[in-house]
Amino acid sequence: MGEAAELLIEPKQSELVDKVKEMLPEGNLNMCLTCGACSSGCPATGMHGMDPRKFLRLALLGQEEEIRSTPWVWLCTMCRRCVHACPMGVEIPQLVYHCRQSWPREERPKGILGSCEQALNTAGNSAMGASSEDFKFVVEDVAEEVREMQPGFENLEVPIDKKGAYYFLNQNSREPVTEPDEMIPLWKILNLVGADWTYSTKGWAAENYCMFLADDDSWEKVVRNKAQAVEDLGCKVWLNTE
Amino acid sequence: MRKQYGALVVGAGIGGIRAALDLAVTGHKVALIDRRPSHGGILAQLDHQFPTDHCGMCRMLPLMSRDSSSQFCLRKGLFHDNIDIYLSTEVGEMEGEPGKYLVSLKRKSTLIDPTKCVSCGLCSEVCPVRVPSEFNAGLTERAAVYLPVPYAIPNHYVIDLDNCQRCWKCHEACPTGAIDFKFEERKDFHILVADRDPELAEFMRGELEEQNFPLHFAASGQEAVDALASDESFGLLMIGMNLNDMDAERLLTRSRELRPDLAVVVMADKGSEGAASDLVMQGAREYLVKPFKGKRFVAWLDKLYMRILSDTTEELEVGAVVLAGGFDCYSPAMDPEGGNDIWAYDHPGVLTAVEFERLMSGTGPTGGMLVRPGDGRPVKRIAWIQCVGSRDAQKNADFCSGICCMFSIKEALLAKRLTGGEVETSIFYMDMRASGKGYQRYRMNAEKEKGVRFVRSRPHTIMPMDDGHTLRLDYLSDAGELLSEEFDMVVLAAGARPPKETDRFALTMGVDLNQWGFVDTQPYSPEKTSKVGVFAAGAFGEPRDISESVIQAGAAAQAASRIIKAYDVLAGIETEPEPEYPDVSREPARTLVALCASCPTLEQAVDIETVSRRMGDVHSVCRVVPVGGACTPQGWKDIEEAALEFKPNRVLIGACMPYAYIPRLKELGRTIGLNPALMDVVDIYTASFNTACGIGDADCKEKAEKEVYSNLSTAVARLQGADPSGPAVTVDVARSALVVGGGLAGMTAAMAIADQGYGVCLVETEEALGGTAMRLHTQLDGSDPRKFMEELIAQVEKHPNIKVFTDSRVVLSRGSAGRFRSAIASPRGVFQLEHGVSVLATGGHEAKVYESGLCVHKTVMTHLALEEQLATGQLDAGAIKSVAMIQCWRNEGEERTFCSKVCCPEMLKNVLNLKQRNPDIDIYVFYRDIMTQGFLETYYTQARQAGAIFIRYDDETAPKVTFGEDHQPVIAGFDPILNRRIEIRPDILSLSSGIEPNDVEELQEVFDVAVDEDGFYQEADFKWRPVDFLKQGVFACGIGLAPRRMDETISSAKAAAQRALRILNAETIARETVVATVRHSLCSLCQACIAACPYGARVLDMDQEKIVVDEILCQGCGSCAAVCPNSATVLTGFHDAPMMSVIDAALEEPA
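Protein chains in written order, with the numbering used here: chain A, 128 to 369; chain B, -19 to 1131.
I should point out that these hints are in silico values taken from the structure, not numbers from a laboratory. We treat Cβ as the ideally placed atom computed from N, Cα and C, and that holds for glycine. Treat the hints with care, as some may be off.
DEER-style ranges, computed between Cβ atoms [as the list claims (entries may be wrong)]:
1) T120/B x E284/A: 35 to 43 Å
2) A354/A x N898/B: 45 to 53 Å
3) E187/B x R274/A: 47 to 55 Å
4) E284/A x K250/B: 33 to 41 Å
5) T852/B x K139/A: 27 to 35 Å
6) R274/A x V269/B: 30 to 38 Å
7) V269/B x D344/A: 51 to 59 Å
8) L151/A x Q495/B: 37 to 45 Å
9) L151/A x P94/B: 43 to 51 Å
10) T488/B x A354/A: 17 to 25 Å
11) E466/B x P198/A: 28 to 36 Å
12) T120/B x R274/A: 19 to 27 Å
13) S464/B x P198/A: 20 to 28 Å
14) T368/A x R236/B: 55 to 63 Å
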């Protein structure tokens, strides 16, 4: 039982949890068997003394203050490993997401908030704040280097804003900014298989921190900008490598 | 002419065998079929069963008229005079109605003639094919010609045509010409191809040149119809979908009219597969999509040809049908990701439970050594993961397989035993569902005594480590810490799924399936399907363990025999009386030896003349006659004539496959007037191919001859000592039953017996019938238990064959199976009763709760009381805010090591009832393990869905109850998930107190039966004879046997009735050929034999100072003779002196 056992809970109702339950298929959150599979596979288990099963249990017992206040919700990577292995398919990530939303925007973690703001403020939606000009320059520069230095890839093509290309490729903006060489392998593959693809100077960044921020409006805005970019170039398939 | 059977049993696993035997011993002819080429179902693969961790299946064999059945290992083989077994057989069609179902069986040929195959194995040696072995769950490989089960009797090789490469090597290798690929008949197999495409005709002519099939082409539908109307014989019609004048459907219809038996294959164009499969539904055999590829097409057509010529159909007429299809084991490979996303199923250290069982088996891939099958690495740490593929809503398995918890514990114990306790075993589980009889104790023993570790946590993923060897499991500890451990082996306790193609099977049989794909059954009649006269046995209606499957099979057999009786299926079929044979015990033995020398293998290995000459010199042999093919009518006639001529009083036949001769010996006995017990058949063939001699290898030949000689002379010596004579002990059966207990079990058993036309005396101590079940008002499945009980009581009271004594008890019962005399004390005086069987259905009661304020506070009640208050409206759910429930409630200091099994469903019933009436009500349930096996699991899911909160507790964290103002209960508990104390202040506290058996101390003495340490009746064998007592003629059912829900109680009562009917159906019970007797002059009364007798057939008669053997209970196993220090106990036919001469003969050098 340990020291923590001194804490006492009295079950009650929680408006927040009821709201989440309403949004999910019947009884989904309630279906938990408390088997622990979620927590066994969660990378955030144990941080801030929390794990997915415990988080859900607090919710079901109506301990709203605790689930609203724990910073653990911001450690979830939304990887959905918990749901994948859950025999009941309990949507813990959805619960986490809604708890994030219940935080005042300005109190949400600075890193995520800042990244979302940068994306909103750049034409390429880059969380790093990279401008489209910089992106284009780096890509062309690196591509040129490959053509010159790497035998067999003298004709490597890295199209940007190519109208009518079949694939529209997004690029996580961390690479062009900090590790430009990391972009090369994928280019090579695409060239070798003869894919018809293009980068864009608009909505080119693959990441979307506004989603992790649980800011639905901004999330949507970013996605719409990217979708518009795909349409502008008349591409058939949008490849998001994130 | 249709073959007539009382019943058809589909599925020859444990459920099917039990049902078939139950019907067979009551005198019904049974057709037992299985689509596999072997009998035994999954049990053929499992060597060990808890709680004994041995096998024990043979205990299901008939106890009376033993000679009508095989009397050896039931896993190896089953023979019964009344059972015909059809393997590799499925139901093709069924029509008709209860009492007269017309069934057409599709028998898949194994392409090997079982009357010719001598199981030498040469075919398998030359076969180039290797596919995963079904028997070893894929851990080893087999050839395309193989033995399905290595130890079966009879054991013939079979050809798996689907995987055959058609190299014909096996055909060339077979020494007896048993393999028939129908080479000769090809030239007469005319194929009519109706297709407009001239290229197709050209293609077929070219590709099929070597096959020699006469091909006929028709470019129009009319041409094809004309050909069909002609005199030409056709073996196959192939219909294209491109005919101009007639669509394929029309041509198919015409061909069905003109030649109903002609096989038709549709040649579909790409894109028209849907239409083609419709044609298959209308009677086409299959369809093939164009364009055809040469090699594949030829192989396909060749195999189809062999199937058409070799496969047969069998037409039956049966009174009732029992479905015992069992279940398939879930495999992670069934998942889209092949089980590799989280279970790392392709890793050599990850096994399913069945694979692990095979690994533990002596006939398994490692001969029973505990090493990893994939890479041979040693195993020091094993983990089991429970509920893989069960209790999983994401995999359409919102049910509990009900068997995995127990088999995992058993497997852990087996692993411990195999390694002298060294291997570390951990079981990761959610709820440990040990709710059967004695299961909890088995689990405690595993944990406390044997060191099996139980971890209540579900690992997320099996992570193969980089070294390629170990497997890592991450899991949450009880304290909420994430722990990581490495194992050498992880066993996935994969549960049960409906057998594959059950949906198609259900369509054929006309029965409904439930939402999980198992066959749907009726409330209060778990053996009834949606179709009258078709019943579900074993685990086909719901996943069940062996004991429950056996009971369920008994219930299905009872229901089937009721139909057979009701529709008078057997009218006009006379059973032949047992012939009487002359007593030859005073005559000197004269043995006729007939040697079958027709097969080439024997001639190559031994010189028949030498063997014959030597046998002629053996004591008591009066004649040795060589015959050409004992298995042929002519050969048998030769033996018959020789016997009539030489008038022997012993007959010994040397041939192959001795079991095949059992029915023939009986016939021979009738013809020549000699008891078949004085005849024997010995296998002289196996020795000949064990030593497979090269030409001119004299040493080898001598060795084989010696072995054949030794086998024969041993049998001669054994026959010499055989003594089938002796006084005929027969009991004239009193054809009525005494049923003790007028609750659900007793009434059900009484009805089942009375409906078969036998009188029943039903004795109940209370003033009214009904028992504990009368306390139920609702059921989880929505049915009305009160209505059911009231109707049942009315039926019992009105039944002309049932006499009810209420307020009465049995005070005396003497006698043995078939004839008991009992005394019943009733308010009207003491009655005497003669009856053939007794059924004890004395039931149980809700355990008393003394504490927790029950009776003091109105806010506290038991689950049963809560149910009643809700049903009667005494309690208004709308006025209640919250309810707490405590499962497994025990009074202070009270210990109970069995699960009452009914309380979890009872709790769920109340939860769902309350939530239905008032969805806002808060419900908290404190529990140890939720016991909702099978489809009950879905109600547990529903209860959680409805919002009930379940809080687990154990001995240290059991909730404490105090009371606040206004009698409000205050429950102080502990939530292990949060690791915090939890306090609940509900309006109502409902306790589950469990079931206790009624006191039967007096009845124990009256009926001379035993109870177990918990006070429930002690059955003869928990798994294999679950409703029998050791004492024959006395049976138990219902809660008196073990806690049960209503459906299970009904099944046990019907199963017990069926066992009882076996005795009542017989007019007399005859003494068996082999039973034990005591030579009192040599007996020192040490009583070692009493302890050794597994059938309880021996008692010490204190008055006469004698060991007395009950000749009806005795099964002739010989355990007593083995332990007797003075040779005072003897088995007829197995006296010391003859046994010594048998041993002498075995060791003797040939003259």
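Hint-by-hint comparison with the structure:
1. T120/B x E284/A: 35 to 43 Å: 54 Å, violated
2. A354/A x N898/B: 45 to 53 Å: 48 Å, holds
3. E187/B x R274/A: 47 to 55 Å: The hint (47 to 55 Å, Cβ to Cβ) holds, given that E187/B and R274/A are roughly 54 Å apart.
4. E284/A x K250/B: 33 to 41 Å: 38 Å, holds
5. T852/B x K139/A: 27 to 35 Å: 32 Å, holds
6. R274/A x V269/B: 30 to 38 Å: For R274/A and V269/B the Cβ distance comes to about 49 Å; the hint is violated.
7. V269/B x D344/A: 51 to 59 Å: Check passed, 53 Å falls within 51 to 59 Å.
8. L151/A x Q495/B: 37 to 45 Å: 22 Å, violated
9. L151/A x P94/B: 43 to 51 Å: 60 Å, violated
10. T488/B x A354/A: 17 to 25 Å: The hinted range 17 to 25 Å is violated for T488/B and A354/A, with Cβ atoms some 53 Å apart.
11. E466/B x P198/A: 28 to 36 Å: 33 Å, holds
12. T120/B x R274/A: 19 to 27 Å: Violated: the Cβ-Cβ distance is about 56 Å, outside 19 to 27 Å.
13. S464/B x P198/A: 20 to 28 Å: Given about 25 Å between the Cβ atoms, the range holds.
14. T368/A x R236/B: 55 to 63 Å: 59 Å, holds
Violated hints, in rising order: 1, 6, 8, 9, 10, 12; the structure is consistent with all others.
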